[in-house]
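Visitor: As given, the protein sequences belong to chains R and U, one line each in that order. Position one of the first sequence corresponds to residue 1 (the numbering used here), numbered consecutively onward. Position one of the second sequence corresponds to residue 1001 (the numbering used here), numbered consecutively onward.
By construction, these hints were calculated from the structure, which means they are not laboratory data. Just to be clear, a hint being listed does not mean it is correct.
To be verified - Distance condition first, Cα-Cα at most 25 Å in a straight line; then the derived DSS-like pairs of lysine-lysine: (1) U:LYS1158 - U:LYS1031; (2) U:LYS1031 - R:LYS133; (3) R:LYS154 - R:LYS140; (4) U:LYS1320 - R:LYS86; (5) R:LYS120 - R:LYS86; (6) R:LYS133 - R:LYS154; (7) U:LYS1081 - R:LYS133; (8) U:LYS1320 - R:LYS120; (9) R:LYS195 - R:LYS229; (10) R:LYS120 - R:LYS154; (11) R:LYS128 - R:LYS193; (12) R:LYS128 - R:LYS140; (13) R:LYS86 - R:LYS133; (14) R:LYS133 - R:LYS120; (15) R:LYS229 - R:LYS18; (16) R:LYS128 - U:LYS1320; (17) U:LYS1081 - U:LYS1158; (18) U:LYS1112 - R:LYS86; (19) R:LYS229 - R:LYS203; (20) R:LYS203 - R:LYS223; (21) R:LYS128 - U:LYS1031; (22) U:LYS1320 - R:LYS140.
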Amino acid sequence: MLSVQNVTKRFGGLAAVKDVSFEVETGSIVGLIGPNGSGKTTLFNVISGVYPLTGGTVTFDGRDISSMESSRVANLGLVRTFQIVKPFNELSVLDNVVAGAFQRCRNRDEAEDKAMVAMKMLDLAQYKDTLAKNLTLAAKKRLEIARILSTDPKMIMLDEVMGGLNPQETEQLVETVHRLHELGITMLIIEHKMKCIMELSSKVIVLNNGQLIAMGTPQAVVKDPEVIKAYLGADYNVESY
Amino acid sequence: MRSFLSHKKSDYFICAAVMLLLSLGLLSSNKYTLDILITTVYFCTIASAWNIMCGYTGQLSLGHGAFLGLAQYTSTLLYTKMDISPWLGMLAGGLTAMLLALLVGVLALRLKGPFFALATIALTTILEIFAVKFDGITGGSVGITIPYNPSLGNMIFKDYQPTYFLFLCLLALVLLTTIYISRSRLGSNLVAIRENDLTAASLGINVFRNQLYALMISSFFTGVVGTLYAQYVLFIDPAGSFSVIVSEKAALISIIGGAGTVFGPLIGGILLAPTEIFLRTWLGSTYQGAYLIVYGVVLIFVILTIPNGIAGTVSAYIRKCNCKTEQASGDD
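Construct all of the structure, not just a fragment, from the sequences and the given hints.
Guide: Right, dumping it as structure tokens:
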């Protein structure tokens, strides 16, 4: 579904992403891990069209999206959340999600119905009239997902949606992500919580200093000596969140 | 779903009620009263048109005078030089203003915040200079006096009531358009852009195109109301038409009333326009320009105490009350 070929992104002399290639197969969940500053979010920004890429190509669903604006990419069905949540603060939760739903609906009734479906899936229905700025962090993270879900995506990219959540909230969100996957949505997930990555993804990609250092099944990747050295550390234990 | 329906209905209801209240003025034949009413509705309409672009997208335009002036010159020149009825001229003026919005939007909508505001001020000033320098067509600084030939076809009337009626119709049209937009996809997109343009784009909203649509709609109505006003005062000149002050007033009225709400500009206009006329007659004879100081003080006060404007503050208060009653009934 998504194919990234030799993608490079430079900021001046600094190469934040260097010659990265990988595929995300239709219907799969791919995890993207790596230490802070390794270029994960930059890679998301390059794929989703927030930054123009310096080199390489990105194809989504058979179309070259390398030089497309982010709104066009989203219209094709590839949407993403932001690591630092960006709710429309002064709008109600419903209006936040409606803004997404309107990308596929002509009139407001239809958009509101679609928005409510997405909100129910993410346990947000009871907050429908609350202003987004008054939500807890956990609810804001769910709002980000509900908002992109209401655009009927083919594939979603989640940027650390579990970050900052307590174990219970994390577990609920992992369950939700499973449910979204069952709906047939392909996913690329950035996450630091290794247990989530192990539970969710069928393939894991590891970045370090902008370069791809390992790719494979989660079980294989966590045993890779280079990954342990660069990211996980010698005393790594999968069980903790 | 139900709350949305009732919300929509209540918007139309408030709109009808206000229009009915304002149309009581038609019963008066006092020219001074009607002049105050006409000026008030004129500013309400400009502010409401400004609000469609700037209130909803959060882009600050201080140059709506450019659209207003261009439309006034279009309709007036068509009428005085080519004898084309102002009724057609009004439409032509609106469309010219829209065309200007398209050209300017393509260039200036890449800018944000103060830079966009500066670009719009520059636009107004440039057009004013054009109007002065091309005096062969525009009459230069002297302006153009529209000959007083009262008739329906010339859109010039002996009494003030028909003019006032036309202004009311236009205000109603702008308000209905605003209500429609606020519930439509365009409205939802514009508000999303105002809140965070990066996120809006990530959802698939074309930020540039949506802002351009809003600017074109907004400038069309600004142009139309401008031509109507020109047919009322029967005189246009560069300083009055391409006025930065009028542009700023459109912004001030909306901000004080509540930008980005349907009725904010209306509330702002109804409060500020008569106040200004009153202050000008009261203070103007002794201290020229003193009313502007009072105006400034009011603006500072509003921004310090109720930054969301009157309508914004009231609706936040209503939402709070609703939440409380819902909670209370939930506890039962």
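Visitor: Against the structure shown, which of the earlier numbered hints fail to hold, in ascending order?
Guide: 2, 6, 7, 11 and 21
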